[in-house]
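Kindly produce the complete structure, drawing on both the sequences and the hints.
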Amino acid sequence: MAPTTRTILICSGKGGVGKTTLTANLGIALARLGVNTVVLDADFGLRNLDLLLGLENRIVYTAQEVLAENCRLDQALVKHKQEPNLSLLPAGNPRMLEWLKPEDMQRIAAMLADQFDYVLIDCPAGIEDGFKNAVAAAKEAIVITTPEVSAVRDADRVIGLLNTHGVKPVQLVLNRVRPKMMANQEMLAADDVTDILALPLLGLVLEDEQVIVSTNRGEPLTLSNSKTPAARAYANIARRLQGEDIPLIDPAKEGLGLRDKMWRLMQTKIF
Amino acid sequence: MSTTLRDILDKLLGRQPASAKTARDRLQLVLAHDRSDLSPELLDQMRREIFEVVAKYVDIDLDEGEVSLETEDRMTALVANLPIKRCQAKKPSSSNESSLPPKEQKATLTPKQESPLPPKEQESLLPIKETE
Ligand SMILES: Nc1ncnc2c1ncn2[C@@H]1O[C@H](COP(=O)(O)OP(=O)(O)O)[C@@H](O)[C@H]1O
Ligand SMILES: [Mg+2]
Chain A
1 MAPTTRTILI
11 CSGKGGVGKT
21 TLTANLGIAL
31 ARLGVNTVVL
41 DADFGLRNLD
51 LLLGLENRIV
61 YTAQEVLAEN
71 CRLDQALVKH
81 KQEPNLSLLP
91 AGNPRMLEWL
101 KPEDMQRIAA
111 MLADQFDYVL
121 IDCPAGIEDG
131 FKNAVAAAKE
141 AIVITTPEVS
151 AVRDADRVIG
161 LLNTHGVKPV
171 QLVLNRVRPK
181 MMANQEMLAA
191 DDVTDILALP
201 LLGLVLEDEQ
211 VIVSTNRGEP
221 LTLSNSKTPA
231 ARAYANIARR
241 LQGEDIPLID
251 PAKEGLGLRD
261 KMWRLMQTKI
271 F
Chain B
1 MSTTLRDILD
11 KLLGRQPASA
21 KTARDRLQLV
31 LAHDRSDLSP
41 ELLDQMRREI
51 FEVVAKYVDI
61 DLDEGEVSLE
71 TEDRMTALVA
81 NLPIKRCQAK
91 KPSSSNESSL
101 PPKEQKATLT
111 PKQESPLPPK
121 EQESLLPIKE
131 TE
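Order-wise, the sequence lines are chains A and B. So that you can map any letter, position 235 of the first sequence is 235 in our numbering, and since no number is skipped, the others follow by simple counting. So that you can map any letter, position 7 of the second sequence is 7 in our numbering, and since no number is skipped, the others follow by simple counting.
Some clues are possibly wrong.
[To be verified] Below are the PhoX-like pairs computed for lysine-lysine, each with C-alpha atoms no more than 25 Å apart in a straight line:
#1 A/Lys168 <-> B/Lys11
#2 B/Lys129 <-> A/Lys132
#3 A/Lys180 <-> B/Lys11
[Said to hold, decoys possible] Simulated restraints, written as ranges between beta carbons of each label pair:
#4 A/Pro200 <-> B/Gly14: 34 to 40 Å
#5 B/Asp73 <-> A/Glu244: 25 to 31 Å
#6 A/Ile246 <-> B/Arg26: 45 to 51 Å
[To be verified] Output of the computed footprint for chain A on chain B, the stretches with three or more beta carbons under 8 Å from beta carbons of chain A:
#7 16-22
#8 28-34
Since the hints were derived computationally from the structure, they do not count as laboratory data. All C-beta atoms in this analysis are idealised placements derived from N, C-alpha and C, irrespective of residue type, glycine included.
Written out as C-alpha cells, the structure is:
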C-alpha cells in the first residue's frame, strides 16, 4: 500500500445533506490539482455518485465483481473523460448489502490505495451496517452537515462512532449555508456548529442553485472553471486537503451594506 | 454560552430570541443526553439516589436541587447543584436533632479535587465517558 495514500470517508449521519455532491466535486477538484484520485461509491443501497459524475452509462463492472474476483480492479474502474486523474469504482447491486462485510471494504480500499493518492469514500446515510462497512475502510473522515438541528445532532452521533473506530483526523464541512439567515441569526453560525461538534472547519459551502444545474448535467461544478460560490468552496477544500493555507470565507461579510454591518455588530459575542 | 447585543435587546423588549440561539440551546441539551446514552428514566433514578445519599449527610433543599447533564468540547458532565438548608453537617445515620434553629442557608456541594473541566462555581461536576 502506498503509505501516503489518504483514504477519506465522507459521511454525515443524516441523508440528503450533500455527501455525494461533495465527493464528486472534491474528486474532480483534487484530480485537477494533479493528484491521482479515486472515488468509491459505498452507498450500495442508493448509489448516485456515477450519476453526479456523468459516468452512469460507462459502468461495466462494479465493486461487486471485483470482490467476487470476476474481474480485475482496472476493468471495474471508470476513468473520467475530461479529468483522467479521476476514477470511479461503482457500487454493486443493493443485494450486495446482504453479504458485504467490513473486511470486504477494507480489501477494496487497500487495492485502491495501491494505485491512488486519494481514496474518497461516499458513505451511506445512517449508522447501521452500511456505515460500519464504510468506516472500516477509512483512515480519516470528513463529516458534512447543514446548519440545522437534526443534521448537527446526527453528525454528532457519527463523530462519536468515528472516534471509537479510531478514525482521524475528522474535519467538518458546513453545507448549504445561507449568509442572510446567518446574519439575521436565524441559522446556526459556523462557530456554533464547530463549537458544538468540537471539529475543525475544513470548508463552508454556500447554498447555491448551480449545484442543482450541475447535477442535472452530470458535470460537477469543479469540472469547469465555474466561479459560483459552491464551486469555489469545493476547490478550496481540495487545496486545504493538499496543505494549502486558504482562509475560510466569512458568511457574515458576504453582504457589506450598513444594515449588514449593524447585524454583525448585534451578533458580536460580548460575554 | 455567549451573549450578544441582540440577546440583550430581545430580553429587554420581551421578544422571542433569534431562532439560532434556540437551536444552539436545544442542541446543547439533546447532545448532552445523546452523548451520555443515559435514558431519561435512568437519569431520574440516579437523581433520586444522589439526593438520598446526600440527604444522609446534610439537609438539602429538594425543591431547589438539580442534577443535570451538560456537554462541552465533547466532554459530558453530570452537574449537581444541591442547595443545603443548614450549614451544620448531619452526623451520618444520626437523626437530625440539631441545636441550631433551621436557618434557610444556601450552600452548594463543591468537589474537593480538581475536576478535569474548567471549574464552575458552586457545582459538582462528574465527567462522563462517552459511550458508543
Ligand atoms: N451547496 C448546495 N447548494 C444547493 N443544493 C445542494 C448543495 N449541496 C447539496 N445540494 C442538494 O442537496 C441534495 C442532496 O445532496 P446529496 O449530495 O445527494 O446528499 P447525500 O449524498 O448526503 O444524500 C441534492 O439535491 C443536491 O443537489
Ligand atoms: Mg448520497
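Results for each hint:
{"no.": "1", "hint": "A/Lys168 <-> B/Lys11", "result": "violated, 42 Å"}
{"no.": "2", "hint": "B/Lys129 <-> A/Lys132", "result": "holds, 22 Å"}
{"no.": "3", "hint": "A/Lys180 <-> B/Lys11", "result": "holds, 23 Å"}
{"no.": "4", "hint": "A/Pro200 <-> B/Gly14: 34 to 40 Å", "result": "holds, 39 Å"}
{"no.": "5", "hint": "B/Asp73 <-> A/Glu244: 25 to 31 Å", "result": "holds, 28 Å"}
{"no.": "6", "hint": "A/Ile246 <-> B/Arg26: 45 to 51 Å", "result": "violated, 33 Å"}
{"no.": "7", "hint": "16-22", "result": "holds (count 4)"}
{"no.": "8", "hint": "28-34", "result": "holds (count 4)"}
Hint compliance for this structure: hints 1, 6 are not met, and every other hint is.
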